[in-house]
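Novice: The lines below spell out each chain.
4 protein chains.
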Amino acid sequence: MLKVGILGITGYAGYELIQILLKHPCIQIAEMAGRLEKPTPISSIFGQFKKRFDMECQVFEGASSFGRSCDLIFLALPHKVSMAMVPEFLKAGKRVIDLSADFRLKNAASYAEWYHEEHTSASLLPEAVYGLPELYQDRIKNARLIANPGCYPTTVILGCAPLIKHGLVKHEIIVDSKSGISGAGATPSAVTHFVNRYENFTAYNIGVHRHIPEMEQELSLLAGSAITVIFSPHLLPINRGMLSTMYLSLKSAKTQDELSAIYQEFYQDKPFVRLLDKIPQTADVRETNYCDIWVNLDKRTNKVIVVSAIDNLTKGASGQAVQNMNIMYGWDETLGF
Amino acid sequence: MLKVGILGITGYAGYELIQILLKHPCIQIAEMAGRLEKPTPISSIFGQFKKRFDMECQVFEGASSFGRSCDLIFLALPHKVSMAMVPEFLKAGKRVIDLSADFRLKNAASYAEWYHEEHTSASLLPEAVYGLPELYQDRIKNARLIANPGCYPTTVILGCAPLIKHGLVKHEIIVDSKSGISGAGATPSAVTHFVNRYENFTAYNIGVHRHIPEMEQELSLLAGSAITVIFSPHLLPINRGMLSTMYLSLKSAKTQDELSAIYQEFYQDKPFVRLLDKIPQTADVRETNYCDIWVNLDKRTNKVIVVSAIDNLTKGASGQAVQNMNIMYGWDETLGF
Amino acid sequence: MLKVGILGITGYAGYELIQILLKHPCIQIAEMAGRLEKPTPISSIFGQFKKRFDMECQVFEGASSFGRSCDLIFLALPHKVSMAMVPEFLKAGKRVIDLSADFRLKNAASYAEWYHEEHTSASLLPEAVYGLPELYQDRIKNARLIANPGCYPTTVILGCAPLIKHGLVKHEIIVDSKSGISGAGATPSAVTHFVNRYENFTAYNIGVHRHIPEMEQELSLLAGSAITVIFSPHLLPINRGMLSTMYLSLKSAKTQDELSAIYQEFYQDKPFVRLLDKIPQTADVRETNYCDIWVNLDKRTNKVIVVSAIDNLTKGASGQAVQNMNIMYGWDETLGF
Amino acid sequence: MLKVGILGITGYAGYELIQILLKHPCIQIAEMAGRLEKPTPISSIFGQFKKRFDMECQVFEGASSFGRSCDLIFLALPHKVSMAMVPEFLKAGKRVIDLSADFRLKNAASYAEWYHEEHTSASLLPEAVYGLPELYQDRIKNARLIANPGCYPTTVILGCAPLIKHGLVKHEIIVDSKSGISGAGATPSAVTHFVNRYENFTAYNIGVHRHIPEMEQELSLLAGSAITVIFSPHLLPINRGMLSTMYLSLKSAKTQDELSAIYQEFYQDKPFVRLLDKIPQTADVRETNYCDIWVNLDKRTNKVIVVSAIDNLTKGASGQAVQNMNIMYGWDETLGF
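Residue numbers (this note's numbering), protein chains in the order written: chain A, 12 to 348; chain B, 12 to 348; chain C, 12 to 348; chain D, 12 to 348.
Do not take every clue at face value.
Same chains, same label: a pair holds when it works inside one copy or across any pair of copies.
As the list claims (entries may be wrong) - Here are the computed lysine-lysine pairs in the DSBU-like style, where the Cα-Cα straight-line distance is at most 35 Å:
#1 K265 with K62
#2 K49 with K176
#3 K176 with K265
#4 K34 with K265
#5 K61 with K49
#6 K262 with K102
#7 K34 with K310
#8 K310 with K181
In case anyone wonders, no lab produced these hints; they're calculated from the structure.
The model shown is predicted, which means the values in this text are computed figures rather than measured ones.
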């Protein structure tokens, strides 16, 4: 049994990690810690776990006192907190899957620009592997440090990768994304207040969301040249679910059949990508690790419109982290799901 | 034009007061204040008012500096804050409609027991009029100080009053109430966090809710003897709306027709009570000042089951306050609605 | 591997049965059928199953042509349809778990009274076992025909059983229940129309709901004397979840500790009952087979108030059916969950 | 008092028309009719109206027997039904505001292409005035027949008009729109079933929605050259509200200040357009006739991103119809709101 530790247990990513790991046949949750006032059974924090998993969460008191019994550490911490801890865990011989954004951007300057803080572990950036299994399975296998992708980038990169990789589309991509409110975190605020969100819909951070450099980095790597993403995230009045609608311009004419074939070929052996012949809906991926994708040629305007849907807490966070773990330890990618 | 002031502008009661008063032909909102960092246009606090009502809210700095230009003050303040201010406003010759609980209980000892604080203006309790217009229209007319009823008590007292007044039912009433989340206030908390409420339902404060003594006081007054209320409030995952289901035991047999006739007679000239021949639903009273009531004889068990529905922000708070104002100034009760 | 058949695949009970059975290590779904125009992959009916379970559902053409390869048949059919088919399946040597109400009432006259139709298989009523495992585990073990309980009765019987069994409460129980809208079925109607339910709340079938005789039958059996249930079901604007608030009168004084101890003892070895020291919420049982129960002495009024919560599709329907199957075949009760 | 008739009373547009008209000081609802089995009080169809407006709706039996007492007819009928009736009403000397799509497209061939039916009153198309008051106030004034705009086109045309009119942007506009479910109508279906929409989000009719030719017609008229709209509508799990996010490419560089100034100037005397300096949200326009607009220069990508929000039943349908009526009869545009 692989012994895993989870750091940052009070948020939704921590919750969802436990939900998935409890079904996994090859691992044992050996340690959990978070910002707590005193050691607390996880079932007191999340009532769902009562009678299923009553293990106690520890008060987190620093990287040096956490995870000694663990082979693998999941970091479900806020951005900027993770980067301070990763070096210590690596030095102690642990493998790390970091669900924060801290090791996603290859470029420390870009991190400083978008996150308004200097990267304090920049020397680890070259080693960190961007944990999108559909693109980087081989590198994930041997990684010590996984930068688990953002939720929006997961929908967008998976949605566009086949077109980008084959050089079929122009360099500018318009992305209109919608996320459930669990994406805004578990901390109460005016934004997450029920009355402010129910029977309401809005957008936020248009053009300035921090997932933009992550998308552009990965799509540009795929393209071999710079890709620009115009990105508008919206806040859906639902708990879980994310859907992105992407608008791409073909360089030269293609038929719907050609596009479909390209996607089929690109994702033929990827267990968590489902290519649909109708528009995806978030309910169909709820609490699953699937990314549902629909690619559509709008003949009238010669645009390609792609719609992709995930559960932002599963394929958009904790499910993808477990998928990465499965690959790191040579297990079937779908184990535990 | 009557000049009114609203104190406590950042909560839902304040918001709803403005919504109603803007349609009222005989009043002018002369002053507004709340806990703000600096003077702020109301349309910056609530986007709904942009271009309709851009008046500035003042920073509240004490009762002595507020409301000088006003004839009537609406207090939309938390419990315990109101009672400190009311004497000063009355002394300055203002009439006051207090939306908090501070002047609802006639008995200062009961207030201390349920609100865990001594009443600091107990000498005003005899004068304060419980502002339920369907029962106390005459006293409201000449009142200086109105204690605007709680939302739950409004549904329960209106729902049971005809049976209680006619002495038809036993002294024990079971009340199972459900409230939309605006009832929990505008302050962000774990309770009001969207993800915690959406696709969820629960009860709270069963048997210990502070509206219990208010219901028992008013129903006992109506009965002329002590009435006991067993009360369970629940939290509905909707914004606005409140529905109470009440279970009463008949002292002696009655027919459905007799019950219906008693309600018809009791509420015959009450413009905001609607007696239905089907079960009410909250959507039908949304953003209205109506209380919809259905009285039903369960012949099989000889119980009377009453269902009443209101909008907790309108008839359950601000609408009722405006209805009281209309009566105080001799206007048609329905003016502004 | 046990071969099971599912009849009635297009409703939510059928959907949920598949969700649970796909995780079950000892069974194989051998046949599925429903009211379809032509054989249809289940993943075309419910997109969730795509790539996980693409088996074809057959067009149902009568009991004689269905389930020949199966050991056990789940009937997820409407009331009144089931009773016509059960005899044929039993004659063919199948065991049957019927999710409809057709075999729940022991008394054919009572069935006729509440369901407005003569029971056409009344001779099987004595043999049918009421499939509430917490009460009838031994009889379930050897049953040929299980009458899977209704969702409301599951919450009410489990919530009251310890008090009733010990003869602690009076014969009249008031039950105020709230159900998610999946309980109203998958057929579009004005009742299930989104706009009619969202931001809305109401009650229905107060005093006349068909689950009343089922509750009274089982509680009276437990009590050894007639129990009367006053029952008000409400329609919650959520998908899944059911919560019942029950009001009982103690025959003689008890302490909270005594009540808690009675519940602890009654449910000590029941894996799917969780006794809470706080009020349950439906989110904590969502997509689980748990029934969360809180028992509370209201000292002020000498009432016992019990709140119980389940997922109406899991413990309230398909989960309970699988729990029954586990017992019938000698497996651990929790297998597949 | 102007006497108005409403034809098609059972849908949401009819409902909302009544809600607004009941507040209007200069009109009287003289006749109402719809597809009913027998004459029915409107308060039996929509419980909201009980005690406020108990007028009876007639069974519709043909244009010749409806509206004789009326000056103005609102047609809240399905597409294709309206066009058969309009000629008769005009011949009888009535003015008509048609809320369907039948008279919005100037080109009968385009109607046939997108609505799959020949236009049977094509001779009236030249006379019909597209009832978007912010563009066509003068023509509306004297119109006999108003084609009330679609909800999506209202958000898109108002959102883009200043940029298009000034020739600042390229001919291709990407529009990503989201609509509340009341937009799907009052008829129950799988699409509008609560369980299928709650905690779910999806798109529909991408690239083929019938509002596309309407948007292109109006934007092209404004531009003086052909504009192409790439359009993706989505289905929001809320009752009322519509938000469109529009992506436009500048022909030459502009500053944010220049863009803001252009919008300020364009809409300076339009009472129902509110230009915001933050992203609109649907809650702020709920049950109002406002269109909230935010125009934003994304400097990084040189795109203009516009977000506009309306209530799809008010400014997107019935509110706009009443605004048109106000203009037709020389009243203040905002009367009744």
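Novice: Work down the list of hints and note, for each, if the structure agrees.
Specialist: Hints and how they fare:
1. Proximity of K265 and K62 under a CA criterion of 35 Å is satisfied inter-copy only: 27 Å between copies versus 56 Å inside one chain copy.
2. In this assembly of identical chains, K49 and K176 lie within 35 Å of each other by CA distance neither inside one copy nor across copies; the values are 50 Å within and 40 Å between.
3. In the homo-oligomer, the alpha carbons of K176 and K265 lie at most 35 Å apart both inside one protomer (15 Å) and across protomers (34 Å), since each shortest distance falls under that limit.
4. With identical chains, the CA atoms of K34 and K265 are never at most 35 Å apart, being 44 Å at best within one copy and 42 Å at best between copies.
5. Taking the shortest alpha-carbon separations for K61 and K49, only the intra-copy value of 18 Å comes in at or below 35 Å, while the best inter-copy value is 44 Å.
6. For a Cα distance limit of 35 Å, the shortest separation of K262 from K102 qualifies neither inside one copy, at 48 Å, nor across copies, at 54 Å.
7. In this homomeric assembly, K34 and K310 never come within 35 Å of each other (Cα to Cα): the closest approach is 45 Å inside a single copy and 43 Å across copies.
8. In the homo-oligomer, the alpha carbons of K310 and K181 lie at most 35 Å apart both inside one protomer (17 Å) and across protomers (19 Å), since each shortest distance falls under that limit.
When the structure is compared with the earlier hints, violations turn up for hints 2, 4, 6 and 7 and for no others.
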